[in-house]
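Residue numbers (this note's numbering), protein chains in the order written: chain A, 1 to 270; chain B, 1 to 355; chain C, 1 to 284.
Derived from the structure by calculation, the hints contain no laboratory data. A portion of the hints provided could be inaccurate.
30 Å max Cα-Cα, derived DSSO-like pairs, lysine-lysine [what the hints assert, rightly or not]:
| hint | chain 1 | residue 1 | chain 2 | residue 2 |
| --- | --- | --- | --- | --- |
| 1 | B | K138 | A | K105 |
| 2 | C | K94 | B | K78 |
| 3 | B | K172 | B | K189 |
| 4 | A | K4 | C | K136 |
| 5 | B | K179 | A | K4 |
| 6 | B | K107 | A | K4 |
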Amino acid sequence: MPSKAGRLRNALIIAWTLSVLVFIYLPILCITLASLTASRYFQFPITKFGLDWWRKTLGSIEISQLLSTSITIALCVTVVAVVIAFFGALAFARYDWQGRSIYQKLILLPIFFPQSVLGLALLLWFNALGLQMSWQTAVFAHLVWVVPVVTLVISIQVYSFDPALEEAAYDLGASRWQVLREVTLPVLFPGLFSGALFAFLLSWGNFPLSLYTTGADTTVPEYMYAKMVAGYTPGVPVLGTVSTIGAAILLVGGYTLILAMRRTRQTVLE
Amino acid sequence: MAAPAPILSLKAVAKSFGTFKAVDDINLDIAEGEFFTIVGPSGSGKTTLLRMIAGMEQPSGGDILLRGERINDVPANKRPTCMVFQSLALFPHRTVGENIEFSLKIKGISKEARKVRALELMDLLRLPQSCYAKSVMKCSGGERQRVALARALAYDLQILFIDEPLSAIDSKLRKTLEKELKDIHRETKKTFVYITHSLEEAMVMSDRIGVMQAGKLVQVGTPEVIYSAPNNRFVSEFIGDVNVIGVDVAAGGLLHATSLDTSLKPPAVPQGFSSGHLVIRPEFLRFVTEPSEVDNAVTGRLYNEYALGSRIQYQVRVGEAVFVVEKLRQQAFNGVRGDKVTIGWDAADSILVTD
Amino acid sequence: MRRPAFLSQGSRAALPITLFLLAGFVAPLIAVIWFSFMPPRTFSLAAAPSLENYATIFDSTSYISFLWSLALAAATVVLLVLVCYPVAYGLVRKFGKWAMLLTLLFTIPLFVSENIRLYGWVLFLIKNGVLLGSLKTYFGLELESILFTRTAILLGMVYVYLPFMLFPLTLGISMVPNETRDAAFDLGASRWQVFREVELPLSMPGIVIGFLLTFVLAVGAITEAKVLGGQRIIPVAHDIEIAFTYAQNWPLGAALSVLLMLVVGALVLAALWRFDLDRFLGRK
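Please work from the sequences and hints to get the whole structure.
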């Protein structure tokens, strides 16, 4: 019903959405701009453009140490999270069991919880247990938040999983393990892949939990925060831009892969 | 005496989505108080047409006239028409009573008056009064149909549109609801425009039927006309199994059956006819012992037999073609698979279509 | 199908995550609760319980930071609903094939850590930064920076928590079937009436989740105040951090955390108690 009022409404919605999108990307744009200055301090408009800081940052040993710490934590988190969340998602969306509805709500609680307070609580807990803070405790801390999120992501895929597929496999003589390997895992793979992607990115970019639980080790966000507060160098926006571009590539690439996977699965299952 | 003016007039109504013509040049008049059914296969454009008349879609071309006035630009909420959607579109967060009273509440009618009207309609639709406060999510499929109808009838409408409501219902309930719809039509005296893909259903309920194919109206007429005098092959094949023979014109007012290579006596050959199809409904074919008993006869072998409740369907292989014969159970044919049989029909029982 | 070994299939699948969260979520929170009843400035869990910490909170100015956090979170939620609803509406109903691309674009910043993105705002708003620097150079305007004000903190919070309101709203609006809206319109309702009678009630689950998630996360916000606010406001999370680190007063920090948890817990319980997660998340 595209009446005149309707058309105006549509135009307003489009304009508003684009404004919000610009609002979202504005700071990221500023960071990218700040990384392109050749001078030590940030002044806009930029008088001297240069890629010197890019060269310096990406070549620095300190930075590569940070990157490796962040990546290691993220990888560990991804692997553990996907395994635990896979079973958690099956319990969430596939099997009917007593206590399922309470389980569903309790599992999501760590998401509905202020992260900084969670980080501090974990700090307290680790100290009470007499544990030394390091990147391993950070992995654990990240997992507390990431596992429920990944469970949710995988559950959404599990909701559209047809249990008849597994039953058919049993009927054809497969053992429980074979059904898991030949039917359940392949069909759910796009969901698992999305979950893994989320786990990696959420851990990579996490600041509040890392801040309190990494101890002597430092992740990229922590380093950047420290430099923001004292000792600013344009190396910070360089890292920021790298982070953003990396996340964008992973997301877009991952998403395209998932779409492709879904499409082949659709044709096979039809 | 001139015929009364139609309540709804469609003049060259069309709708295109990009280059795809969903509805193509529809011209139709619907009389007041009529039960008119639009029949067609999926994708023939019937729902799109209905949505245009109801106001949910804008036509790409043509005019829609209600009692002679053009209503193309009147928005759906101002048109005196109401639609029962295929999914029923009941408000899940409301009770039966609240659903039915919706249009009355919008108008600002008082709570008591609304309830009176809702209960009236529930009576008409054979919904027990106890359902009034029931949540629609807890209602059965049949109950929901009735609630959807009652809700639409509560609106001060002149035309009621019903979009394929019975396709997801089991056949026994469907037959009951078909008859009830017809009763409601008679009692309310409103104009009903109904959509279905089943010609059988249309024949039961309609005063007139319009057959749609690929966006066009290929034939409009009473159920008898549609059944016994279809315009073309598509319409004739729309109901049940029919026997269709490709024919050319031959000398002496006869037809030449192309695949059977024999002459056939037609009912009547129109001027300028050169080729087309001869259509014979299965109930008009008979098993004969002498070819002279009928106008047209062919010989073949009994191929299959199917029991269809009160009728039995026989398939007879004649050369490459398969003929379908239907007989009532009491008049079953005694034959064994593989038997040589002769079947025939009278010319008056066949229909000639040009395609 | 088969008789399960000792637990049903579902509860066995739930075991790993349940045990993990017991050790990683429930246990720390219990530790925090326990600590809050310990005498101030102690580090052991074995001392005699006392309510001193709670008294301290209400006597000192700590409860002010609490109220500020609540107020800021409430303001953030209200602003975000107004900002995000049109976008969510567009994503579900208007943008068609662009919706997926737009959703992806809105998702990407979520994975860039918040302190980086907030720092971008610093670069934008600071004196001689992107905004003020351009205004000075190109228009000759010399304006005061809004950085290190309360407005800046609110801006930062609206910015960071936007996706957490947007996605639940989108999910909620997509739960309203098109034909049900059409039906209301067909029955004579005006656009506003269709919104009030059909769209709003049926998208309520999404609105509730968006409100809840955003509020709960915002009430524990800390980085926005630190980076953009310059200590103008000390939100309760910052107070907690100070207690745990500089002040070396774990019991006090724990007590503040417990109060925060009570607020969060009460809200979550109230909203999710009868919530049908299956329907919301798309069970067929």
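Now for the hints, and whether the structure bears them out:
no.: 1; hint: B:K138 x A:K105; result: 25 Å, holds
no.: 2; hint: C:K94 x B:K78; result: 24 Å, holds
no.: 3; hint: B:K172 x B:K189; result: 26 Å, holds
no.: 4; hint: A:K4 x C:K136; result: 42 Å, violated
no.: 5; hint: B:K179 x A:K4; result: 44 Å, violated
no.: 6; hint: B:K107 x A:K4; result: 25 Å, holds
Checked against the numbered hints above, the structure breaks hints 4, 5 and satisfies the rest.
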